[in-house]
Structures are given as C-alpha cells and as structure tokens.
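Visitor: Using the sequences and the accompanying hints, generate a full structural model.
Each chain is listed here by its residues.
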Amino acid sequence: MNALAAAVWKREPQRALRIVDAHAHAGPYSLFFIPDAGRGGLVRVMDRCGVSHAVISSHLAIQLDAAEGNAQTAEIVAQAADRFTGYLTVNPWQDPAGELDKWGRDTRFGGIKLHPDLHDYPLTGRRYAPVWEFAQRTGCPVLTHTYDGSPYNDLPMVDEVAARHPGVVILAGHAGATPLGFDAAIEVAQRRPGVVLEVCGSFNTGADIATMVREVGADRVVYGSDFPFIDLRMSLGRVIFSGLPEEDRAAVLGGTMTRLLQWRSGLG
Amino acid sequence: MLIDADAMLGRYPRRHVGEGTVAETLDRMDRFGIAEAVVSHTLSWLHDPHTGNLRLLDLVVGEPRLRPCWVLLPDTCGETGSAAAFTAAALEAGVGAVRAYPADHGYDLAGRDAASMLHALAEARLPLLLDAAQVGWPSIEAIARTHPELPVVVGGLGYRVLRQAAGVLARTANVHLGLANLSSHCGLEWLVERYGAHRVVFGTGAPVRDPAESVTRLLWSELDDQSVAAIGAGNLRGLLREEARAA
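Sequences listed follow chains Y and S, in order. Heads up: the first sequence at position 202 corresponds to 202 in the numbering used here, and the numbers run straight through without jumps. Quick note, the numbering used here runs 1000 ahead of the 1-based positions in the second sequence.
The set of hints was computed from the structure by calculation and includes no laboratory data. You may find that some hints are simply not true.
Claimed, not checked - With beta-carbon atoms standing in for the labels, derived distance ranges:
(1) Y/E247 x S/R1031: 19 to 29 Å
(2) Y/A78 x S/D1104: 17 to 27 Å
(3) S/E1222 x Y/R105: 34 to 44 Å
(4) S/T1021 x Y/P245: 19 to 29 Å
(5) Y/A78 x S/P1148: 50 to 60 Å
(6) Y/E12 x S/T1021: 33 to 43 Å
(7) S/T1076 x Y/T124: 46 to 56 Å
Everything numeric in this text was worked out from a predicted model, so none of it was measured. The C-beta atom is built at its ideal place from N, Cα and C for all residues, glycine as well.
Guide: What follows is the structure in structure tokens.
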C-alpha cells in the first residue's frame, strides 16, 4: 500500500508529498448550497488531507463579475499566500485587456482562468486574443473549462487554440469531463504538446487518470479538485488509489503543477 | 469495517467498467477494504427486472460477502408478480434491499401504481434504495411520509442537492442518504451535524463510480471514529434484515 493510501486508512493527513490542487475556487455559488465555502473551510479541508497548496479562482469571478471576483481572489491569496495562488479570471465580455493590465504583474496570480461555458463565448473567439498574447509572452499557464459536446469549450476548440498558440500551456480543465471527452482530450494532448490534462469532475475515475498518464505522460496530467464546487476528496481519492507508479503519482499530484507555476521567475 | 450499500454486478453499456463479474467485484472490494456489499444486477436495471433478479440470485449463491438487492416494478402488469408474492420471494431468497428506477422504467413511484409494492416493502421492512436522478425530492418525501416504517436510502446525490435534501431530512425520520457521489464540499460533515450520523450509509456506486471517492471521502472526513464506523457499516446493518440472511 502506498503512503498516501495508508494515510487515508489511518485517517491521518498525508505528509509524503507536496500536493498542489490545480483547479479550485472559493465562495458561494448560486445554483446550489455549499457549506463552508470560504477561505477557512478550504484551508481546513486541505489540512485534513495534507494538501499543501491550491490554485483558485473565486466563484464570483467566474460566475458574475470578473473585476470584483479577481479582487476577491487576490484578497484570499494575500491572507494565505503559502496555501493559495490565484487564477486571474478573464471574462470575454468584461474588459479582458483591462483585467490583464491590472493584475498581470501581480504575483498573487499564477495562471489565467477561462470559463467559456459560463460566459457563452467560444474558446476560439477573438475576445480572448489578449489572453493568448499575454500567455505567449510570459509563459503564464491558461486553465480553461472543457466539456465534451459543448458549443463553447469542446475538445476540438482546445485543439484549435493550441494549434494557433503552440507556445502556450493550456490546462484542459476536467479533461473533457465525460468518458467520451477523456478520449478526445487525450487525442488533443497527444497532438498538441502545450496541452496538459486536469482531472477534476464528476465522471472521472482512477482508471481514466491512469489511462491519461499512460497515453500522454505524467508531466502532462495534473490533479485538480474543483473544490469547493465539488468536495476536494473526490478527485484526490481517485488519484491516490489509481495504481499509478509512485513517481507518476507524485508528478500528477503536485510536481507538474509546481513546475508550471514557476513562469514568473523567467520574466525579465 | 465498510459495507457497500450501492454496488452492482453485470455489464454496463455506456462506458468501460469491466465485465461486472463476481470475481471482479470481490477483487475491487478487497482493493478498497470493503468487507461486504449489497449488490444489484445491471440486467435488472437496464433490461428486464425479473430476469435480472433471478440471475442475481444465481450469481451470489455461496458468496457470503454479497447480499442481493432486487429491482422492483409496479405490479400493474404482473411482470414481477403481485406485491405480496414479490416481497415473499425476496425474503425467502435472502434479498436484503430493493431498488427502484422509476425514471428509467417509466412509472411514478409515488403514484397509485406503485403503492401496493411500497406497502408490501414497508410491511416486510425491506429498505428501498433509490438514485437521486430517478425520483424527485417531493416524491421521496411523499413515499417516506406515507410509509414511515419503510427505510428509504437515496444515493447518487452529486453536489447540487443539499437545498432539496435538507428539508426532506428535517421533515422525515426514515429517509437516509447514500455516500456514493455525495460530493458537496463539506456536505457530509454538514449533514451529520444537522441530522446525525445515523442518516448516512456508506456506498460506492461501483463499478460505474470509483470506490476511491467514497472511501477517501469517509475516512478523510472530519467526523469522529464512532460516526465513521456507523456510516461505514453500522447504519446499514441496522436497516437490513440480518435474520433473513441466515434463513
């Protein structure tokens, strides 16, 4: 039994790895009730399991107001910089260039978050041009929501933007989200070296994650939970019990994401 | 100890989950430290309940870790016999619980057509297991209030249902929640604090769902060991007719 599974069975936080959650949020969400969705609840769950760090975008930013929501994300990170890094949410209808100008050099943000489904705007649309320009110039990773069959962020659209911007790291959030989507996401990642698969969602399994690692490599698959949208332990458990070799599991759970967050050190 | 209230044998047509054999099921249970499981058969859900229920009994003969769970239909067309005959046969065969798929099988579980079957289940004290996607919360509440002796376990909750489930839990005593895909952030702790650990039973949703989810969710919860033990096995033991198994 691996050290992480043993920690689960002992009901103790794991201490074997630095786990980084590549897909997290914060705050309430109108469609359903989330208990304890604030910073305190997030840190408590991370401590319970032994998750060191999470990269977050506030629910306010993705759901309603990018400007106010990005400020909220920045405030949460400021209060616990050792535990959180922010995703700068870019809403194509809410001044993308202005948000990038305002926050692009702020070290509280380590990535950009796009949610085309929530904003009714295609990932391939021109309003996202400032995002690709910024990411190309800086090395800042871009996490986009993906969902198989979506008119806004289906996998062929990830393929299209990855082909247009081969120097950009694109984290495919949920890796397509469904069994059919997982297959499509793997195919896109195999064609486009900049695409990294992020594994949170409601339909993923440890077997699916192991397939992704086998097909595209452990340096191209990252653990995310989507918490507090979904409880952090759902996705984390899948990775822990996936049967991945120890080295690959360590890369998926934190090693790869830690490397992707280092881009600011390369800036002049 | 963990007892899985939500597992299934048989093949599955919409994604690759293995062959659904008894050997695969026992191997998966061993990998996740699950001692026993209440199992249905996909044939009962996705093809023909009567045939699936009988095949399930054949498969679990001599498998003391697997407790059969039949799938019910209203007795209006006589497909699984009268309500009384169905429950008598279930008890005779050591069936531990009964599932219903009203959405997939095209009937109203809270309506008049299923009333006699639910009445028979309640009299037999056979727990009714449901997936949240199969029946609305108003129907769940109506069934629970009409049959207060009938234990109802609702699984497959997802992360969007606390607003609906909370009211039903507050107004009923016999509705329980299954842990399979109970995925609201801190939802398990919130539910236990409000309604008690006795309202939740462990389940995995395997093989369609990964048992790693519910195992990790329960063991890495913020609940005390006593609550974890109750949810992991004790609550389900209390709902099942253990004496029928020995018969």
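Visitor: Checking each numbered hint in turn, tell me which of them this model violates, lowest number first.
Guide: 2
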